[in-house]
Amino acid sequence: MILIAQTEKMFFDTPLGMQSGAMLANYELAYETYGELNEQKSNAVLICHALNASHHVSGVYEGQEGSEGWWSNMIGPDKPVDTNHFFVICINNLGSCFGSTGPMHINPQTHEKYGSDFPVVTVEDWVQSQERLISRLGINSLLAVMGGSLGGMQVLSWTLQYPEKVKNAIVIASAPNLNAENIAFNEVARRAIVTDPDFHDGNYYKHGVVPKRGLKIARMIGHITYLSDDVMNTKFGRTLKRDVQNKHEIKDQKYLYTTQNIEFEIESYLRYQGDKFSEYFDANTYLLITRALDYFDPAKNYNGNLSEAFKETKAKFLIISFTTDWRFSSDRSQELVKALLDNERQVTYLNISAPNGHDAFLLDDQRYMSAIRNYFMQIK
Amino acid sequence: MSLKKYIEIIGDMVPQKSRILDLGCGDGLFLEYLIKERNCSGYGIELDDANVLACIKRGVNVLQLNLEEGLNLFEDQSFDVVLQIDTLQNIKNAETMLTETTRVGKVGLVTFPNFAHWPNRLSVLKGRMPVTKHLPFQWYDTPNIRVATFDDFYNLARKKKLKVIEAFGLQNENKIKYFKNLMASKAVFKVTNL
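Chains as they are written, first to last, in numbering that gives the first Met the number 0: chain X, 0 to 379; chain A, 0 to 193.
These are calculated hints, taken from the structure and not from any lab test.
One or more of the hints may lead you astray.
Straight line, CA to CA, 27 Å or less: simulated DSSO-like cross-link-like pairs of lysine-lysine [what the hints assert, rightly or not]: (1) X:K166 to X:K275; (2) A:K189 to A:K159; (3) A:K159 to A:K174; (4) A:K16 to A:K3; (5) A:K160 to X:K40; (6) A:K56 to X:K379; (7) X:K313 to A:K16; (8) X:K337 to A:K105; (9) X:K164 to X:K8; (10) A:K91 to A:K16; (11) A:K91 to X:K337; (12) X:K164 to A:K91; (13) X:K313 to A:K56; (14) X:K166 to X:K313; (15) A:K132 to X:K166; (16) X:K337 to X:K40; (17) A:K35 to A:K56; (18) A:K125 to A:K35; (19) X:K313 to X:K299; (20) A:K91 to A:K35; (21) X:K337 to A:K35; (22) X:K310 to A:K174; (23) X:K250 to X:K234; (24) X:K166 to X:K379; (25) X:K166 to A:K56; (26) X:K337 to A:K158; (27) X:K310 to A:K105; (28) A:K189 to X:K379; (29) X:K337 to A:K56; (30) X:K166 to A:K91; (31) A:K91 to X:K313.
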């Protein structure tokens, strides 16, 4: 059965007070839903998306080939999160570039595009805006909130900000905060964007340009951290793009070696990913979302004590990590498990020995898919 | 001895409404029994993927952790009962695991196959490692890497200064109180370090 997806929009004119102290006077949220909300409104599942994804989780847009949602293998009719039973919602995060109000939209105060004036959004701000949309759909309580990576952080934030409204929290390949190494990767990506001459302090829309070079490099760095060493070696190894005997033509001469041209398969892969990304992603959005990742730290107000922070939670948790994920390692997920154990919360934890690094949360792994499927069958 | 009877006998040793941690919980059958029949709550620890999935299907809380790495996610005395049901013989560092069991649990409940049961002795006397109903594996493919006897465990408990609250053997659904080391295929111990 082919699931046809349709983006909807909801406008909010109640100002949104943000963690930074800023106020968003009004805003619009893009979202998609799949399946039917039952009469008791008790089968709603919210999916929170990660860094470069959108609200288009599942299905295809009518007449658009290759428009499958980013988590179509997980969510849809007869999928692990089965839309024959569950009403699934995904909302595009504020500040994103896929439909919800973001830096490329008009600031009602200045009548110009927000650009770098768009307020810094946090995970908590997103969750607050999501809660408003959920409430307006008439849903008081979510059967489950689920997300991977940055999406997992939003799930955690839901259980802390709205403990009464989340029955099950499914947190995949995530962490209670970013460590210094993780923030460092984000910072390199941001510097690549900000130092691109086409960035123009974030107001590149006015100049009719896009800081593509920065975006490409940011994406290349990201991709390195999403894969495991093993997978990179298996997929690309030291394979050269050219025949070893072929020479590069430089200034009418032919030489064996080059510093500028693509030589190794991995270079080709990263450049391809970077090029593709720079065609559709917004640079200001990349800065905002990586910052939201950096700032997330629910234990901060409890002297770094995560167990204290989690006292407020009421949900039942399913935590999943992947053994080769070094960007959001198993240890970080186990910190979450520990904090939940300290509070005697219901928690199930899987540490799946998948080879694919952080990317594993988006890929098909029978153990992972079966676990989610059976967990959802239990809570149905 | 039927699995059902075994579960009932061991289950009777777990007080109602206990907070439990089941080390090496397998498919979660015993955990489910304790939750449903004895109003207990808690978690199982299991490494095997298929067993972890079986636990999810039962709706019991399972944590996929390697017991060989210890129980560092768990605070001292944070459980009423920590169970080691037929787990001890599969653990490399059985001594550390026993220490961890009584650190995390107010009470530790340990069961394992008694290697000194007379048919096993007879087999060794004949010059061969025992392969029986209770120890069905050949020496070269057995998961039982720590084979112990009833008396061996007594000695270890003494060395660790643990108090043995209760100890008996099990043979054909009967509790064995006398000549346990000889007459029982299964050893059952309830220990504490309090």
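Assess, step by step, whether the Cα of K160 (chain A) is no farther than 27 Å from the Cα of K40 (chain X), and give holds or violated. violated (57 Å)
Measure nothing beyond the straight line between the CA atoms of K35 (chain A) and K56 (chain A); if it is 27 Å or shorter, mark the hint as holding. holds (15 Å)
Run the distance test for K313 (chain X) versus K56 (chain A): straight-line Cα separation, threshold 27 Å. Since the Cα atoms of K313 (chain X) and K56 (chain A) sit roughly 22 Å apart, the hinted pair holds (cutoff 27 Å).
Is K337 (chain X) close enough to K105 (chain A), meaning Cα to Cα at most 27 Å? The given pair, whose Cα atoms are some 19 Å apart, holds under the 27 Å limit.
Would the pair K166 (chain X) and K379 (chain X) pass a check requiring their Cα atoms to be no farther apart than 27 Å? holds (11 Å)
Holds or violated: K132 (chain A) to K166 (chain X), with C-alpha atoms at most 27 Å apart: violated (45 Å)
Regarding the pair K337 (chain X) and K56 (chain A), is the alpha-carbon distance no greater than 27 Å? Measuring from Cα to Cα gives roughly 23 Å; hence the hint holds.
Verify the proposed pairing of K166 (chain X) with K91 (chain A), using a straight-line Cα cut of 27 Å. violated (39 Å)
Against the 27 Å threshold, does the CA-CA distance of K189 (chain A) and K379 (chain X) hold or violate the hint? violated (39 Å)
Within a Cα-Cα threshold of 27 Å, do K166 (chain X) and K56 (chain A) meet the stated pairing? holds (18 Å)
Hint consistency between K337 (chain X) and K40 (chain X) [alpha-carbon to alpha-carbon, up to 27 Å]: Violated. K337 (chain X) to K40 (chain X) sits at ~32 Å, over the 27 Å cutoff.
Is K310 (chain X) close enough to K174 (chain A), meaning Cα to Cα at most 27 Å? Answer violated: K310 (chain X) to K174 (chain A) is near 44 Å, above 27 Å.
Hint check: violations occur at hints 1, 5, 10, 12, 15, 16, 18, 20, 22, 23, 26, 28, 30, 31; the rest are consistent with the structure.
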